[in-house]
Amino acid sequence: MSRAPFALWRWERLWNDKAVIFNGFVTTLLVSLLALALAMAIGIIFGMLGTSEKKPLRAVNRVYVEFFQNIPLLVQVFFIYNAFPLLGFRWPVFTIGVVGVGIYHGAYVAEVIRAGIRSIPKGQGDAARSQGFGYIQTMAYVILPQTIKIILPPLTNQAVNLIKNTSVLATLSGLDLMYRADSWASQGTLSYGPAYVAAGALYFLICFPLATWARRYERRIKEREHLQLSEAAAEEMMLMAEEML
Amino acid sequence: MTVTKALQDIFTPANTRYLMIGLLYTLIVAIVTVGVSTVFGTVLALLRNYERRVLGRAASVYIEIFRNTPLLLWIMICLFVMKTGTTFFRGTLGLTLYTSSVVAEIVRGGLNSIDKGQFEAASSQGFGKISTFIFIILPQCFIRIVPSLMSQIVTTIKDTSFLSGYAIAEMFYRSKVLISKLPSQGATITGAHTLVTYGSVALIYFCVNFLLSCVVRYMVKRHHA
Numbered sequence: 000m001s002r003a004p005f006a007l008w009r010w011e012r013l014w015n016d017k018a019v020i021f022n023g024f025v026t027t028l029l030v031s032l033l034a035l036a037l038a039m040a041i042g043i044i045f046g047m048l049g050t051s052e053k054k055p056l057r058a059v060n061r062v063y064v065e066f067f068q069n070i071p072l073l074v075q076v077f078f079i080y081n082a083f084p085l086l087g088f089r090w091p092v093f094t095i096g097v098v099g100v101g102i103y104h105g106a107y108v109a110e111v112i113r114a115g116i117r118s119i120p121k122g123q124g125d126a127a128r129s130q131g132f133g134y135i136q137t138m139a140y141v142i143l144p145q146t147i148k149i150i151l152p153p154l155t156n157q158a159v160n161l162i163k164n165t166s167v168l169a170t171l172s173g174l175d176l177m178y179r180a181d182s183w184a185s186q187g188t189l190s191y192g193p194a195y196v197a198a199g200a201l202y203f204l205i206c207f208p209l210a211t212w213a214r215r216y217e218r219r220i221k222e223r224e225h226l227q228l229s230e231a232a233a234e235e236m237m238l239m240a241e242e243m244l
Numbered sequence: 000m001t002v003t004k005a006l007q008d009i010f011t012p013a014n015t016r017y018l019m020i021g022l023l024y025t026l027i028v029a030i031v032t033v034g035v036s037t038v039f040g041t042v043l044a045l046l047r048n049y050e051r052r053v054l055g056r057a058a059s060v061y062i063e064i065f066r067n068t069p070l071l072l073w074i075m076i077c078l079f080v081m082k083t084g085t086t087f088f089r090g091t092l093g094l095t096l097y098t099s100s101v102v103a104e105i106v107r108g109g110l111n112s113i114d115k116g117q118f119e120a121a122s123s124q125g126f127g128k129i130s131t132f133i134f135i136i137l138p139q140c141f142i143r144i145v146p147s148l149m150s151q152i153v154t155t156i157k158d159t160s161f162l163s164g165y166a167i168a169e170m171f172y173r174s175k176v177l178i179s180k181l182p183s184q185g186a187t188i189t190g191a192h193t194l195v196t197y198g199s200v201a202l203i204y205f206c207v208n209f210l211l212s213c214v215v216r217y218m219v220k221r222h223h224a
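Sequence lines, in order, name chains C and L. Using numbering that gives the first Met the number 0, read the first sequence as starting at 0 and increasing by one per residue. Using numbering that gives the first Met the number 0, read the second sequence as starting at 0 and increasing by one per residue.
Some hints here could point you the wrong way.
What the hints assert, rightly or not - Sample of chain L residues at the chain C side, in silico, Cβ under 7 Å: (1) Phe-79; (2) Thr-154; (3) Lys-157; (4) Gly-164.
No wet-lab data here; the hints were simulated from the structure. If you're wondering where the values come from, they're calculated on a predicted model, not measured in any experiment. Ideal Cβ placement from N, Cα and C applies to all residues, glycine included.
Construct all of the structure, not just a fragment, from the sequences and the given hints.
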């Protein structure tokens, strides 16, 4: 048998064991979805805190965001893995992955949502409040729905980063795609080449369409806004012309 | 107090020095990675933006592949599929290949923000294509992207921790080694030792990165003022 790293027989072995890689892929997808849900929940709460008029609430947002953004995800996950059992929490690695990745990206999502809320004119909130909406209702029915258009591209990019970052689970034997590919190779025929290509292709399969969609959507919004801007400018010139008459 | 005991056991002069050298390695790896990635990323960005044939396409494919797959994959590929070089070199290479794709998109953002008139003005003054980029376009582009490149250093400092799983002696790896070495130094390991070690390393990362991100924010603010 050829010892070349990408020899044909290695690919055949991989094809025979494709269920192993597929299992890892499913785990990666599940962790990603659950972590994304957690990151969104955290992001909405801390993003809203970040736009609060009360200074202590804004401070809570800052502390959360700076804390989780400035410490490596791997260190955070290791901390949960090694230190939490000492504090009485014994979680399976799957849960550690969801929670670790979720709270880490929650900080990034919070920044996206904070920027989104701040981009909505203040009058929108005032108008809603004057109609008797409470704070939560104003956010849920008036402000947040309007931010979706602006925050969707950066949010999608965050989702892509989140999916890639679920690979930290591999360092804790987390049974995710990266771990399955690596252990299939290291415990078997050392066919690292095909295993990594397969894993990379599967990550690419989810991330590339998301990233491409986000880029196109963002470009479309920008073009449309340019158009609206020039329409507004044309209207203003018309008004000026009328005044001059 | 168990925590005080743990602090005393962990932060002996020798151990502190060991950890600090790890921090130095972390910083060196991050800075070298971002430096090399800036050169390579600029080439990729120029090709993707202004070269419509084979090389431009190849640059696009490179950027998209690396940006849509995990960093850990590229570190593992360099470590286990490549055969030449030390572990340290191969690990850093994986990090650099990945970071280059990110930096390429940052540089492209800078290039796209430059007014088209700059190209026309340069060519009206007799600048050729290459000298236009070197003397007119890239200097303006780099001034604009300095904050983004510094944020990338923060990201890369965090990313270096991925090298810790493969016996590359940056700070996080050294902290793991430190815990395993404590019994041989005469300390009885308690839960507090684990908590304190990982907690301290997290704190060091935090201080370095927070300081850097404050500098970035100050630069952006000064630029807009």
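Fill in: Hint check against the structure, violated hint numbers in rising order
2
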